[in-house]
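Take the sequences, apply the hints, and build the full model.
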Amino acid sequence: MEFSKTVGKALSAVPERNSEASGDWALVQRVQAGELHVFDWLIKKYRERLFSIVYNIVSNREDASEIIQDAFIKAFRAVPKFKGKSSFFTWLYKIALHTTYNTVRKNRFKRFFSLEKMSEDASSEAILDYLQGQHSGAEKSVLLSELQEKLNEALQKLSIKHRTVVVLFEIEGLSHTEIAQITETTEGTVRSRLHYAKQELQNYLKDYLK
Amino acid sequence: MVIQNLEKEVSPIQLEDLLKLKRLERPDGHFWEDFDRKLEAKRLEILIKKEPIGLQWLKSVWKKHFRLVSAISASACAVFGLMHHTSLIQRSALHFAEVSSPFIKNNIAAYVSEGNAYFAQNVMRGAQPSFQVATLAVPCKSQVCYMNGGFTPLNTAKTSVHASF
Chain A
0 MEFSKTVGKA
10 LSAVPERNSE
20 ASGDWALVQR
30 VQAGELHVFD
40 WLIKKYRERL
50 FSIVYNIVSN
60 REDASEIIQD
70 AFIKAFRAVP
80 KFKGKSSFFT
90 WLYKIALHTT
100 YNTVRKNRFK
110 RFFSLEKMSE
120 DASSEAILDY
130 LQGQHSGAEK
140 SVLLSELQEK
150 LNEALQKLSI
160 KHRTVVVLFE
170 IEGLSHTEIA
180 QITETTEGTV
190 RSRLHYAKQE
200 LQNYLKDYLK
Chain B
0 MVIQNLEKEV
10 SPIQLEDLLK
20 LKRLERPDGH
30 FWEDFDRKLE
40 AKRLEILIKK
50 EPIGLQWLKS
60 VWKKHFRLVS
70 AISASACAVF
80 GLMHHTSLIQ
90 RSALHFAEVS
100 SPFIKNNIAA
110 YVSEGNAYFA
120 QNVMRGAQPS
130 FQVATLAVPC
140 KSQVCYMNGG
150 FTPLNTAKTS
160 VHASF
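Going line by line, the protein sequences match chains A and B. Throughout the first sequence, residue numbering follows numbering that gives the first Met the number 0, covering 0 to 209 in sequence. Throughout the second sequence, residue numbering follows numbering that gives the first Met the number 0, covering 0 to 164 in sequence.
Among the hints, erroneous ones may be present.
To be verified - Short, incomplete list of chain A residues facing chain B, as computed with Cβ under 8 Å: (1) F50; (2) S51; (3) N55; (4) S64; (5) F71; (6) I72; (7) L150; (8) V165; (9) E169; (10) I170; (11) L200; (12) Q201; (13) L204; (14) Y207; (15) L208.
Keep in mind that the hints were calculated from the coordinates and are not lab data. The C-beta atom is built at its ideal place from N, Cα and C for all residues, glycine as well.
Given below as structure tokens:
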């Protein structure tokens, strides 16, 4: 419980998406009216979130960077056709996911991990302290990189669709409804994929979850 | 402190906690500088090299219906190839063929020559739009009549051609 609280408190800064959506729509309308520089604001706003999603799906920072660039270019080209029927972020996430899937399908991305350095903050301390107790003698930095690698390995063993659901729900903190919209499936499918994926991950990471 | 330690020992780490650690994997400022630079270059490139609307439309049609488009293209190629082939056969059967301009009402003349033979077609003038064109009386290997805008090889020695409008 302690870990959930600590991690949750530090990381659950999930933005209020409803108010965000209306703000985005106003920006999109300005872009559609010809103020192209306004699109830069949207890029700045969403690039880190998109990076997080794509990076956790492909586990390679260079590929993730390239995919997000392509996704933003596609969005920039398609923005005149955006009617505002869904929120901008749902639309943008959809484009990013399609681009990711296409890249993975074309087998273009490198088959090795290229991981970001995990920043050590208060939230990770609690987990690391616990793991250090479990793995006696291990230094925190070693433990952290080992854990990072294991996590990525475990994620990569999942199918891309299961991985996507896990990333969107557990890492990005999106709701089932939002994930269903982004992945163009039903909420039931999302729940079932999430359940299966978590079971698989539990098996892969059982050494760390004792 | 003792209670906290005890809590640590009894509280197992949840999978969700481990996954939330992934949020800590964030790129640094240099990464974003590089990202912005590359993205800007790509954006400028598409602004400069904006494709013509027609090409964009063709691409979108191709993407959406590439199977249908490829089937139509293949059929069109096949038909064109067949027509070209037929035309070649016709040309090879004749030494020389010359036909007057397309039918003009009440005034048609066609000349066909092959080797030493020379034929003239007589035109039967008529007041009605429907009329008889010609009769070829001299034997030859192949004859040609101009009909419906195309050549039709006729391998008979004596042929009557009827055309109507």
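Structure-based check of all given hints:
no. : hint : result
1   : F50  : holds (7 Å)
2   : S51  : holds (7 Å)
3   : N55  : holds (6 Å)
4   : S64  : holds (6 Å)
5   : F71  : holds (6 Å)
6   : I72  : holds (5 Å)
7   : L150 : holds (6 Å)
8   : V165 : holds (7 Å)
9   : E169 : holds (4 Å)
10  : I170 : holds (5 Å)
11  : L200 : holds (6 Å)
12  : Q201 : holds (6 Å)
13  : L204 : holds (6 Å)
14  : Y207 : holds (6 Å)
15  : L208 : holds (6 Å)
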